[in-house]
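Q: In case you want the letters, here they are:
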Amino acid sequence: GQQVMQIPQYQHVQEGEDFTTYCNSSTTLSNIQWYKQRPGGHPVFLIQLVKSGEVKKQKRLTFQFGEAKKNSSLHITATQTTDVGTYFCGTDSWGKLQFGAGTQVVVTP
Amino acid sequence: GAGVSQSPSNKVTEKGKDVELRCDPISGHTALYWYRQRLGQGLEFLIYFQGNSAPDKSGLPSDRFSAERTGESVSTLTIQRTQQEDSAVYLCASSLSGGGADTQYFGPGTRLTVL
Numbered sequence: 001g002q003q004v005m006q007i008p009q010y011q012h013v014q015e016g017e018d019f020t021t022y023c024n025s026s027t028t029l030s031n032i033q034w035y036k037q038r039p040g041g042h043p044v045f046l047i048q049l050v051k052s053g054e055v056k057k058q059k060r061l062t063f064q065f066g067e068a069k070k071n072s073s074l075h076i077t078a079t080q081t082t083d084v085g086t087y088f089c090g091t092d093s094w095g096k097l098q099f100g101a102g103t104q105v106v107v108t109p
Numbered sequence: 001g002a003g004v005s006q007s008p009s010n011k012v013t014e015k016g017k018d019v020e021l022r023c024d025p026i027s028g029h030t031a032l033y034w035y036r037q038r039l040g041q042g043l044e045f046l047i048y049f050q051g052n053s054a055p056d057k058s059g060l061p062s063d064r065f066s067a068e069r070t071g072e073s074v075s076t077l078t079i080q081r082t083q084q085e086d087s088a089v090y091l092c093a094s095s096l097s098g099g100g101a102d103t104q105y106f107g108p109g110t111r112l113t114v115l
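Protein sequence lines, in the order shown, are assigned to chains H and V. Letter by letter, the first sequence follows residues 1 to 109 in the numbering used here. Letter by letter, the second sequence follows residues 1 to 115 in the numbering used here.
Excised from the complex, chain H in its bound form (with noise of 0.2 Å):
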């Protein structure tokens, strides 16, 4: 099935920097779907991509997948402290969603 892996494992960043995280994978993804998950809660639904090259913002958000749609990013503008938290990526894999190991965020004022 598809496997996606996300990199970097952890970013730090201080408030105001912009930070870009990657969701690579070796084959063509049929979606990316991205989720945040704040610490101590639980994983919630941000965006679905399914075109090649489709690009969506959500306030300071940008949401990219790649032209050969083997990779995703997620660039956030201007950190904020309500940035922190977990960024997963996921994409179909033999009919069920497959997640990647996320990205931690931390934001230092």
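Warning: the hint list may mix true and false statements.
To be verified - Some, not all, of what chain H presents toward chain V, calculated at C-beta under 10 Å:
(1) Gln6
(2) Asn31
(3) Pro43
(4) Val50
(5) Ser52
(6) Gly53
(7) Trp94
The hints are simulated quantities; they were obtained by calculation from the structure and are not laboratory data. Glycine included, every Cβ here is placed at the ideal spot set by N, Cα and C.
Given chain H, work out where chain V should sit, using these hints.
A: Same frame as chain H, now just chain V:
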């Protein structure tokens, strides 16, 4: 509307005891998933129910783990003879129709501590 609910929210048990964790999915959602999340780790898939199909049990770590679902409603995850390595948060998620392109809605989880 009501989201996915799980009970209990916290469970402390002694090694060797059996535990049952409950999940109430969103009404009308045909698919239900169980995940295990150890502290600071990712989401470990356990089992997937989709309508009346046979469940996908490929993620269950041992025969001490089992799960049932009544129709398209409540699911129970049972862990027999609990071990300390079973300590984790157990998350349940439901989706409208299942499949890898369907949005999953997670419950708040049950934090299991095995002493």
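Q: Decide, hint by hint, whether the structure agrees.
A: Against the structure, the hints come out as follows:
The interface hint given for H/Gln6 is met, as the beta carbon of that residue sits about 9 Å from the closest beta carbon of chain V, less than 10 Å. With a least beta-carbon distance of about 5 Å to chain V, the hint placing H/Asn31 at the interface is held under the 10 Å criterion. Against a cut-off of 10 Å between C-beta atoms, the interface hint on H/Pro43 holds, since the closest Cβ of chain V lies about 5 Å away. The interface hint given for H/Val50 is met, as the beta carbon of that residue sits about 7 Å from the closest beta carbon of chain V, less than 10 Å.
Annotation: interface hint on H/Ser52 violated; nearest CB of chain V at approximately 15 Å, more than 10 Å. For the restraint placing H/Gly53 at the interface with chain V, the shortest Cβ-Cβ distance is roughly 18 Å, beyond the 10 Å limit, so the hint is violated. Among the interface hints, the one on H/Trp94 holds; its C-beta lies about 8 Å from the nearest C-beta in chain V, closer than the 10 Å criterion.
This entry does not satisfy hints 5 and 6, going by the numbered hints stated previously.
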